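Residue numbers (numbering that gives the first Met the number 0), protein chains in the order written: chain P, 0 to 185; chain G, 0 to 130.
There could be a bad hint or two in this list.
What the hints assert, rightly or not - Simulated restraints, written as ranges between beta carbons of each label pair: (1) P:M0 <-> G:K47: 44 to 52 Å; (2) P:E30 <-> G:F39: 39 to 47 Å; (3) P:V184 <-> G:E30: 44 to 52 Å; (4) P:E88 <-> G:E32: 43 to 51 Å; (5) G:G85 <-> P:N65: 35 to 43 Å; (6) G:F62 <-> P:D8: 24 to 32 Å; (7) G:K18 <-> P:A49: 17 to 25 Å; (8) P:V44 <-> G:E60: 25 to 33 Å; (9) P:E130 <-> G:P126: 46 to 54 Å.
What the hints assert, rightly or not - Here are some of the chain G residues that sit facing chain P, going by a computed Cβ distance under 10 Å: (10) F20; (11) H61; (12) P72.
FYI, nobody ran anything at the bench for these hints, they're computed from the structure.
All figures in this text were calculated on a predicted structure; none of them were measured in a lab.
Glycine residues also receive a C-beta, built at the ideal position from the N, C-alpha and C atoms.
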Amino acid sequence: MVKSDVQLDAKGLACPMPIVKTKKAMNEVAEGQVLEIQATDKGSVADLAAWSKTVGHQYIGSHEENGVFYHYIRKCNPEVSEAVEKTFEHTISNEEALNGKGLILDVREAAEYTFGHIPGAKSIPMGELAERLTELNKDETIYVICRTGTRSDLAAKQLAEEGFNNIYNVLPGMTGYEGELQKEVE
Amino acid sequence: MSNKVAIIASNGGLFDAYKVFNIATAAAASEKEVAIFFTFEGLNLIHKQGMHGLEMPAGKEHFAVGFANSGVPSIPQLVEMAQELGVKFIACQMTMDVMGLTKADLVEDIEVGGAVTFLEFAKDAAPTLTF
């Protein structure tokens, strides 16, 4: 079971309906949230990935269960998210974080984590960070990572404000990670 | 990169209709600006009565079962969806005159124009497709 914010049932529909329904459903999804699309159209596997790329959303992945494809797409605003300046001053490279002794904290959405994360990384989506601080140790070294360094920058600032002492933002983040990926779905 | 897709629909069979409207709705759902120029038999695709009874090519009638089983939307549904997604329909005035059709014979909310109306839209479109 992959976590998502909004679900769309497009089962039994043929091309181009899954795409048309996805476009409409995306209007109800907030930026940064994850839409799950359930489809039986085999063409949806290639089509939804291509659609996401064209429109500028992040295609997280898909898996199949009993003839139903479950697709996950995170709503993005490409003009904004890539241009945001990262201001948290303690940064660390992917390599240094991987070789370091601290905890790797993955603040991407749960679905993104499910489809591939650094082995041993802990998942707390950025939106849940405030209420899950007790799961973290204030004196431990924590390397905060996301996809491109934007969400982890915000999360690192949030942690520093809460009195965490050894926080680093990992750059460039998962987009620059080429090592082994641990997945929670097939 | 161009954000426009220009389509010429010049054939009036059921297969032609699916080719035209599938590409058009998929493009519109991908946030492209889409216009279809309906000319000659292509006018069947937006004919109020005609679009309900589009024919399959001779000898291909057995595909009817496949259509029924695969969950493909009907042509009138695709027409409605295309318009809802903002696809612009341009009916060719010259062929309407030749075929004795008036705007009232065709679906609502269309533009009637000549070749230049379409060319003006298509001049910076990529791709331009002909069916």
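Each hint, compared with the structure:
Between M0 of chain P and K47 of chain G, the C-beta spacing of about 48 Å keeps the proposed range 44 to 52 Å intact. Checked against the hint of 39 to 47 Å, the C-beta distance between E30 of chain P and F39 of chain G comes to roughly 46 Å, which is consistent with it. At roughly 29 Å, the beta-carbon separation of V184 of chain P and E30 of chain G lies outside the given 44 to 52 Å, and the hint is violated. Taken as a hint, the range 43 to 51 Å holds for the pair E88 of chain P and E32 of chain G, whose Cβ atoms sit roughly 44 Å apart.
At roughly 36 Å, the beta carbons of G85 of chain G and N65 of chain P sit within the given window of 35 to 43 Å. Range check, F62 of chain G to D8 of chain P: about 27 Å between beta-carbon atoms, so the 24 to 32 Å window is met. Here the CB-CB span from K18 of chain G to A49 of chain P is close to 18 Å, well matched to the stated 17 to 25 Å. Separated by about 31 Å at the C-beta atoms, V44 of chain P and E60 of chain G satisfy the suggested range of 25 to 33 Å.
Judged by the Cβ atoms, the range 46 to 54 Å given for E130 of chain P and P126 of chain G holds: they are separated by roughly 49 Å. The closest approach between the C-beta of F20 of chain G and any C-beta of chain P is roughly 8 Å, which is under the 10 Å cut-off, so the hint is satisfied. Contact between H61 of chain G and chain P, as hinted, is not supported at the beta carbon level, the nearest pair being about 18 Å apart and thus beyond 10 Å. Here the hint on P72 of chain G is kept, as its CB sits about 6 Å from the closest CB of chain P, short of 10 Å.
The structure fails to meet hints 3 and 11 from the earlier list, while all remaining hints are met.
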